[in-house]
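Chemist: Here are the chains, one letter per residue:
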Amino acid sequence: MQLPKLPLGYAVEVLVDWIEHYFGWLLDAISAVLRFLIGGLQDLLLAIPAPVLILIAAVLVWFVTRRDIKLAALTAIGLILVWDLNLWNLSMLTLALVLVSTIVALVLSIPLGIAAARSDTLNSALRPILDFMQTMPSFVYLIPAVIFFGLGNVPGAIATVVFAMPPALRLTNLGIRQVPTELIEVADAFGSTPWQKLLKVQVPVALPTIMAGVNQCIMLSLSMTVIASMIGAGGLGYQVLVGIQRVDIGMGFEAGLAIVIIAIILDRITQNLVPQRGERV
Amino acid sequence: MSIIFEQVSEEETGSVEPIIRVRNLTKVFGHDPEKALELYRAGRSKQEIFEETGSTVALIDISFEVSRGEIFVLMGLSGSGKSTLLRCINRIIEPTAGEIWIDGKDIVRIDNDELREIRRRKLGMIFQNFALLPHRTVLDNVAFGLEIQGVPVEERHSKARDMLQMVGLGGYEESMPDELSGGMKQRVGLARALTSDPDILLMDEAFSALDPLIRRDMQDELLELQQRLGKTIIFVTHDLDEALKLGDRIALMKDGAIVQIGTPEGILNSPENEYVEKFVADVDLTRVLTAGDVMRRPEPVAQWTAGPRVALHLMEEHDISCIFVVSRQRILRGRVTLDDTVEAVKRGKQLGDILITDVPKVTTTTPLSDIISLVVENPYPVAVVDDAGRLVGSISRGAILAALARKGVDTNATA
Chain H
65 MQLPKLPLGY AVEVLVDWIE HYFGWLLDAI SAVLRFLIGG LQDLLLAIPA PVLILIAAVL
125 VWFVTRRDIK LAALTAIGLI LVWDLNLWNL SMLTLALVLV STIVALVLSI PLGIAAARSD
185 TLNSALRPIL DFMQTMPSFV YLIPAVIFFG LGNVPGAIAT VVFAMPPALR LTNLGIRQVP
245 TELIEVADAF GSTPWQKLLK VQVPVALPTI MAGVNQCIML SLSMTVIASM IGAGGLGYQV
305 LVGIQRVDIG MGFEAGLAIV IIAIILDRIT QNLVPQRGER V
Chain Z
502 MSIIFEQVSE EETGSVEPII RVRNLTKVFG HDPEKALELY RAGRSKQEIF EETGSTVALI
562 DISFEVSRGE IFVLMGLSGS GKSTLLRCIN RIIEPTAGEI WIDGKDIVRI DNDELREIRR
622 RKLGMIFQNF ALLPHRTVLD NVAFGLEIQG VPVEERHSKA RDMLQMVGLG GYEESMPDEL
682 SGGMKQRVGL ARALTSDPDI LLMDEAFSAL DPLIRRDMQD ELLELQQRLG KTIIFVTHDL
742 DEALKLGDRI ALMKDGAIVQ IGTPEGILNS PENEYVEKFV ADVDLTRVLT AGDVMRRPEP
802 VAQWTAGPRV ALHLMEEHDI SCIFVVSRQR ILRGRVTLDD TVEAVKRGKQ LGDILITDVP
862 KVTTTTPLSD IISLVVENPY PVAVVDDAGR LVGSISRGAI LAALARKGVD TNATA
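Going down the list, the sequences are from chains H and Z.
Just so we're aligned, residue 65 is where the first sequence starts under this note's numbering, counting upward by one.
Just so we're aligned, residue 502 is where the second sequence starts under this note's numbering, counting upward by one.
Hints in this document: simulated from the structure, not taken from any laboratory.
Errors might be hidden in some of the hints.
Unchecked claim - Computed list of chain Z residues with no C-beta within reach of chain H, every gap over 12 Å: (1) 588; (2) 594; (3) 618; (4) 621; (5) 623; (6) 650; (7) 699; (8) 705; (9) 719; (10) 856; (11) 900.
Said to hold, decoys possible - Lysine-lysine pairs mimicking DSSO-like chemistry, simulated, CA-CA at most 30 Å apart: (12) 536/Z with 606/Z; (13) 779/Z with 755/Z; (14) 606/Z with 755/Z; (15) 660/Z with 261/H; (16) 261/H with 536/Z; (17) 862/Z with 779/Z.
Virtual Cβ for every residue (Gly too), placed ideally from N, Cα, C.
The task is simple: from the sequences and hints, build the whole structure.
Modeler: This is how it looks when you write it as structure tokens:
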């Protein structure tokens, strides 16, 4: 027996048409802003000569890791290798894409996470959505991204934002909720306003957990670069994709290695941004 | 400690306006407090009410007053509602019904802005697990209250520095809370509460997380501090010894109600019901009872102006081997023994020639634990004198044993 097929696909198409018709302006605006940010950041990164940027990166790592000279040296060596492999321009595009996606994801997920920590209703409403976002294969995001934003870097960034948001949101929520009751009571007992409580107690105490979310967000953004290249996002991901398509192992490996180098550097920087001292309660 | 207590009780009998007045305070946790209270009034147990309504009756009809400068102890086992009660006073927990008057304002009915203002200026709080902000230096922790009030950074740091100095933590300004020991952390907690100069300190099991020696030091320091600064303190504890040591008055709580309010002596000597008596039973009596509790009337005494014959006669008549000698106004001069007096009568000496002036003396507030050793070392009774040196009582071995035995029998009978 064959059940009558529900016209689910058709319904989605109608919905997409409707959104495009009434919210086309919004999609265009988002598109323009993202294009500007990604292009601007890429231009900025490329405007700085590679050796200077490598030096800046090494000094930054040295500084945030509290003078870990070994890590700073590895950063410099890794980036010199990327430069030497002629992957510098592609790397800067990837970096721009990852940073813009991460920033957008964080701007959305951290306030949402804080709101979810304060409201059980919002939290239980968000949970299934987050589950959905995290368990859905990341390829699936590509379809609506293409439908609404066409091909290129912008839909790539959008798909990346959707994919990278959940851990930052969840960890922000968790971090705020795990602030010990006594510390909340301290804020109240000394007469804090709700904002003072949030900014002087809850967020600072939750910061190590929130930073773990930020770190995860960046790592997931990077892991999306190859997938996002399937809808036209450029950079190292596209290089890997081409390598796969042409069965050009060397090319794929070089681009993949460059992604790993960038990932490690970003990881070390974000992990050390918050002082370790006084982390325990 | 007891000196403070006496002052306060004098004030109570006078017409001192209480700084905190709690009237019929009730707190129910849960969605339907009305229903829960109705059931409670109908005589149902808390357990039944919880099963029926899902609400917990945490405090029921609490009324008490605290005088300015008093240390008021809320004591009870866990779950008795003492911490809930403390948190109602600064409305960290919202009361269900009742009134809490602080300095003439019912804080249950004021709006949030006014409440914040009272929390900032009048109420300081100290927590069981110190509750220091882990991301801030000691100095910034202590300055937290002033920061919340918007005091400029130099001013609040300078005040915080002074407070740290006062609690003996000068030099630790830039340390992180993690680097301090438990006792030091609670000093920081104390300094933080004192920095905004509140009239009232709410202390929630403030010393319970500390080890016994540090704890005793902190208790002593708190008493000393309170005497110096004259703060009103509401102190929550589950430890009776601590309550007896710190409290001017103690409210003993059980199942969300106050079972008895009284001075430490009052609660020990006349527990109002079996619960209080059981609570009090395992107290180390020698630390609680004072000379005033066990002393007997110093009868007879020999007048300084009388001769040895009179003293001898008194001793023979009362069958004692030693007698205290007092001058007019009952100022203690010393004592004479039977043997010496007999000798003096034979040889025609005066009382002054045989007077032993080096007599062990205690005051009415000296704890029994300090007296026992004196009594053991001395074959003769210990003299109890007041501040002016007047003889008010004497303590013999027999009196101490009798007092301890009396308490022991009482508590055994109810256990």
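Chemist: Please go over all the hints and tell whether each is borne out by the structure.
Modeler: These are the hints, each one checked on the structure:
no.: 1; hint: 588; result: violated (8 Å)
no.: 2; hint: 594; result: violated (10 Å)
no.: 3; hint: 618; result: violated (7 Å)
no.: 4; hint: 621; result: violated (4 Å)
no.: 5; hint: 623; result: violated (10 Å)
no.: 6; hint: 650; result: violated (7 Å)
no.: 7; hint: 699; result: violated (10 Å)
no.: 8; hint: 705; result: violated (9 Å)
no.: 9; hint: 719; result: holds (18 Å)
no.: 10; hint: 856; result: holds (61 Å)
no.: 11; hint: 900; result: holds (48 Å)
no.: 12; hint: 536/Z with 606/Z; result: holds (29 Å)
no.: 13; hint: 779/Z with 755/Z; result: holds (12 Å)
no.: 14; hint: 606/Z with 755/Z; result: holds (28 Å)
no.: 15; hint: 660/Z with 261/H; result: holds (22 Å)
no.: 16; hint: 261/H with 536/Z; result: violated (34 Å)
no.: 17; hint: 862/Z with 779/Z; result: violated (34 Å)
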